[in-house]
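Each chain sits in its own coordinate frame; assemble them with the hints.
In order, the protein sequence lines correspond to chains S and X. The opening residue of the first sequence carries number -10 in my numbering; numbering runs sequentially from there. The opening residue of the second sequence carries number 1039 in my numbering; numbering runs sequentially from there.
Among the hints, a few may not be true.
[What the hints assert, rightly or not] To be clear about the criterion: a stretch of chain X counts as covered by chain S if any three or more of its residues have a C-beta under 8 Å from a C-beta of chain S, and this derived list gives those stretches:
| hint | segment |
| --- | --- |
| 1 | 1071 to 1079 |
| 2 | 1692 to 1701 |
| 3 | 1717 to 1725 |
In short, the hints are calculated from the structure, not lab data. All of these numbers come straight from a predicted model, not from anything done at the bench. By construction, the Cβ of each residue, glycine as well, lies at the ideal position given by its N, Cα and C atoms.
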Amino acid sequence: MADAMRAPASLAERRAPAESLGPREFLSFRLDADTYAVALAGIREIVSPPPVTEVPRAPPDIIGICSVRGLLVTVIDLRRRLRLPEAPPSRLSRILLANTEPGEVVGLFVDEVRQVVRLGASELELTANVLGGDLADHVLGVGRPDGDFVVLLDLNRIVGT
Amino acid sequence: MTDGIDKAREEFFSEAQELVESLSRNLLALDASLKRGTLDPSLVNEAFRAVHTLKGLAGLFGAKRVGALSHRLEDVLDGLRLGRLALTVEVLDLLFRAVEIYSAALAAERSKSDDPLPHLDDIIGEFGRIGSTAPAQKNTLARFELDAAMLAVLTEYEEHRLRTSVEQGLLLYRVRVDFDLATIDKALEDIKARAKVHGEVITYLPTGSATSTDTIELDLLLASSSTEEELRDSLSGERVSVAAIPVRSPASQPKATAPPERDGASRPPPLPSLVPRRGDVVSERAPIMEPPAEQAAALRAVAQTVRVDIRKLDALMNVVGELAIVKNTLGRLAERIRAEGHRQLGSELHSVQRSFDRRLGELQGGILEVRMVPLGQVFDRLARVVRQIGREMDKDIRLVITGAETEIDKLIVEELSDPLMHVVRNAIDHGIEHADERRRVGKPVAGTIALNAFQKGNHAVIEVEDDGRGIDERAILRRAVALGKVGPDDIGQLARNEILNLVFLPGLSTREEASDYSGRGVGMDVVKTNISKLGGVIDLHSETDIGTKLTITLPVTLAIVSALLVRVAGRVFAMPLTSVAEAISLNEAEIRTLDGREVTTLRGVTLPVCRLAKIFGLAPLPGSAPHRRGYIVVASLGSRRLGFAVDDLHGQQDIVIKALGKSLSRVRGFSGATELGDQRVALVLDPAALIEEMFSGEVVRERRLSHG
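In isolation and in its complexed conformation, chain X is listed as follows (with noise of 0.2 Å):
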């Protein structure tokens, strides 16, 4: 039984992966701030605490490879948050690999590989080589009449931060407030958010005396550029009084007494006053702020989340698809009951299905918007790769992200993040043009990637757009021509857009030579074939010298669906609703062929049209009636738009889709199947599939044989 141990591995991993992604975070935000020319100090003490905790974890589930380089990348960080070390560029692009890198060592690790990293040892010894040289440290602290005692128990960190906020020639002041045993830790974030507004808290110590048993006492040393008086006004109330430690008389400093070294992880009980109660002055009233609310929720939130296997979800999503089915169950029977005369009782019946029906739909909702997460994620990682890329292809990348906090399947998010990586890489390589190029042209020399996201119904929308040089028509053109793809007749009658997409037929690139981060035009088939598997579809807009615009419109979730029953050939299909625009009745007269292809048209706009029944060779089943009229089911992706020929409509239904099995993973056009009740299963139809099908490149190649 090893159950339990896999399981608390696999929570090491999940979690050894969330500390490398807000590393991650941490370190893009560093390095915005090196580029403004700040540092805050929070965001490499965040970075550390994250490497910290990794290297525990690490430790405790004998990932050693984990452990070591957490270890060094330790001292880089303590290095630079005790300002021994230096936040230089060279540096911060060393922290990077190292995510890199812990990304390959975690998947080492996972599945229980022993093949070197070479990286892994490579960048140990970087950091190595980095070391750590002290800066000469002055006794700046002398000026303040600070009591030995407090200065004796801070820790290396804060004492760093205390002599910078010196140095930077910060007021110190000591906040005292008494708490009441019972909140303390809300309270304390209260006032710490409250002090932070201005300026740094560098610690809090209890003093040790309180004024009863259930209260106690803790001064915060404050750096702050604010007077005293501005302290007193915002943060004194009954139980809060402010105290600037005062400045020495140059006489009196003491001699330099560094304090002694210690390890931070301890700190020892109750200690007497922080400093002389001196010139303690409290202030009668002072208006109360609103703490931030958000601090104190994120405080709570950390404690009240629970980390879910996604398959656990997809078993309780089937169970409740199973539900549905059962849901419609009672509901043909209440009608059966009703019909056969028990008006009453079939009445009773509708209305508890009805009310089980809401229930349902609640806890359907619910499970739903639990495997939502922020695109955000996604993002993250594709930030760190703009940097990176940029940086080694000597481009300066400006990355623009809205709409971070659009939600998404966590599934979908996990198949996202290669597909988007390709194409932000392409962006830079392909895209963006050098420095010199671009002043040339006039535009600013740092090239702009803009990530948008958003909620377009049920769909999400995820834009990349680069402000490059755009796509090159005739390169590609050539490229399409030399690989067959295109017959030298046709390229005078290709759409604007159809020569954009042709970049998606597999071997096709417009670059002569590959590069290492684009490769040899692999890529955007591969993106193509990737978002078309999660039900998307992708739309690209390029001009010259302005830009290129890649639009991915995906389905929210693939859980659950409505879908809209639809007969053809005597059997029943299912078609996403997300997908479909409307539905009009087919009119055989209003079909014409057009370059070989069926087209109706719809509101004076062509319209192409597929017949299912054609394209999936069916036929009728005997026995079956004939239909009388058909419906065009009009389908709309992206900017694409086609209708389904189809028998009948055959109402709209909830359904689960459930994936095809391996000996059916090669047959197209379906995204899975569905149990319709009464035991019947029905096959999903995949809209993106089937357009995708139509208006591939088969059919420039159609075209082209049938003109030649």
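Just chain S, with the same shape it has in the complex (with noise of 0.2 Å):
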């Protein structure tokens, strides 16, 4: 896995609607014991973690900031975020960071990138109710790609909120 991967802006992924039949691209990526994905269209950019800056006073969810190449970035805690318990940051550990609306780059913590899967309308259960729990907020659907289990993530409402 290289350092810092570029992901491309796919067009395609862009104007396509949820329900149109093309396939389409997800970043997926560990998080303790299973796969998780987002899609890549709104990743700009995954980065192994900076020193992260604490930030006194902050969400609980959110670890601190960084800065990449000048920008400054909030880092959010995936685990923390999707209750997942606590684990100490690995050499395999990364930052996505999202493309979001300008004034703040937000940045997700994963214990592991995995790849790009492409996921045809035929592997996509695009339901946000398949997971019941505090998840569901978080959950656009699941993808079963050759067989494979991942959890699709809203990132707008990762990063939203």
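This is how it looks when you write it as structure tokens:
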């Protein structure tokens, strides 16, 4: 895995509504023992975690802030956001920089980046209530690439709150 | 690709805004001159020109409503400058209202909103009603032997000015000047400026005859009360000659021949002589007066100004910030090279770094300077508000402005407008008494509001002072108790300034009934919050029956600041030096607890102490060495001082403050973050917010709890 991997924004992805028939691209990653994924178009860059400065008084799921080439990034702990057990960062940990509206760059702290998966309409289950409980808010649905099982997260919900 | 169009539109809006502001300034000056009983015709003319330009721009950018308003306004101003319409307070009111409506109409056009603007239609109707009734024109011009060909080419405005001058009994002169074509612009301004001292230059026209092909001869028609000798002495020179335009003998006055109506825009080519050459005496030599330099400079400045989007300056400032990091890295490299035994190389690199540092400083200073604008920009808007509210509340208000030239960051100026507006409204509404009450207590009938600005170190201070009745402390206390902000038992224990500061609590208003202008006491807490966001503090002083003074202390710029780096529980924080008064050693033995707060004594004065590790809930990082002795960094803002207890001082550095993201916007106590180099990020403390936190109403409540 390269330290920094540019994810080209897919125009097709941006234009395609959820119901469109063409395959959609997701970036999959590991959190704890499971595989999750977010829309690839929503991620601008993947970086190895630079030193992160904690922000006192910040919400608990915000690890802190860091700088990526002069850009101030607010780093969200996805484990905490999804109520997963805590774990120290490892050498595989990465931060996914999300494309957001101007004014803030949000980084998602994940345990390991897996791959880009292309999901056809038949491999996608776009229902938020596949999984109940705390996660429902953040889940777009599930994907089944080649018999695997991937939880698709709603990037807007994660970044927006 | 609509970038080009958007950019042009943006420029239109900023130019339109400037025109409206200049219109507003002219109206204020007119208002003042109306009060003095004199009327400067050039003010009306300038206002007319601003509106005329605005109309043209609006047409170009399809801003229909702005265009419609300009069209009507132009008619009225044209009527005023041509004397068809008398300038009354009512007309002026209407003009001021037009300025307000311009802002609304521009905002609507900018957001491409089609919402109806009812005020706009109202005012257009009212402008229509004023109409223009032309006063009967006496043919006063016939007294002078003016060339009919010259009269024929005067614009309507010039003719009006000529007529008015003659009616005022002024004499007319022709000043003939021979100019070099190469320098005519400057030379013409020079002579106009010199002639203006004596009266009004009605027009200037080429004579059509010149001494050579490189020169041009102009006749200036000057109306003046000076004698021909006086004018000769002051104006005449090698290439300038002055001649009085002779008065006709009554017998030779022709029958009234009104000059033909015409459009002022076109001027025909050179004409024959303005007046007969009879009686033309050229004086041999006259002292050459120094022309007023600023006039010529102002002309050039217009051509050399560029409009810049402030975001572009922000981007440049960011680059400067990154270069500052490069500079620091260079410094460390130089140290390392020297430490590794390459003394010569190290020194050379060090001197390169120093010169880089100097140039970077200049660059930074230059960009900061570009961002600075005079506070006069806000004050002009306030002057309009003062006039409007004063009139509608039937209070005579005199506004005294000093220090309008004090400069401050453009972004701060933008944010200052609303809070200041509110403060001024409060002063007029709650502070200044009605005329009869003022008479009764022996004050001048006109209330005074003073806006003073000055620079104090790295801060700009703005004072808003009124000579009204002062703040009623008992009323404030009553309200504060009623709202549960102060316990009944605490009343006796609050110091006077603590009581005054209660007005900054949400929901507090000393007036039972709310007015349209000051609202229901939602104001002062918002004012305070907005000022705090800019890193500023407010102090309030008030004396019963004498007046109220509100002092706002603000940093001059937000972009780059010098900061003191401090270490707290193993973490580094930056504290803007602008608010640091000094740093002293922390002596735990001298810390006392007073009413639940820690304090120490500094040179005999009690200083509240805030332990950053405690209020931020910071536990020491594992593996970090325990600090041997601490420091207290004394922050001082306005009249308040607070000591921040830190573990260690970590040097001083210029930093670029970057705002924290939206998800951290609710975190209080930090104004942003900054990069220190080697990828580390430090939070920038916001001393204003922290001081606020320590001194705010929460303390009052806490105290009440500890008492109850």
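Against the structure, the hints:
no.: 1; hint: 1071 to 1079; in the structure: violated (count 0)
no.: 2; hint: 1692 to 1701; in the structure: holds (count 6)
no.: 3; hint: 1717 to 1725; in the structure: holds (count 5)
Taken one by one, the earlier hints fail for this structure only at number 1.
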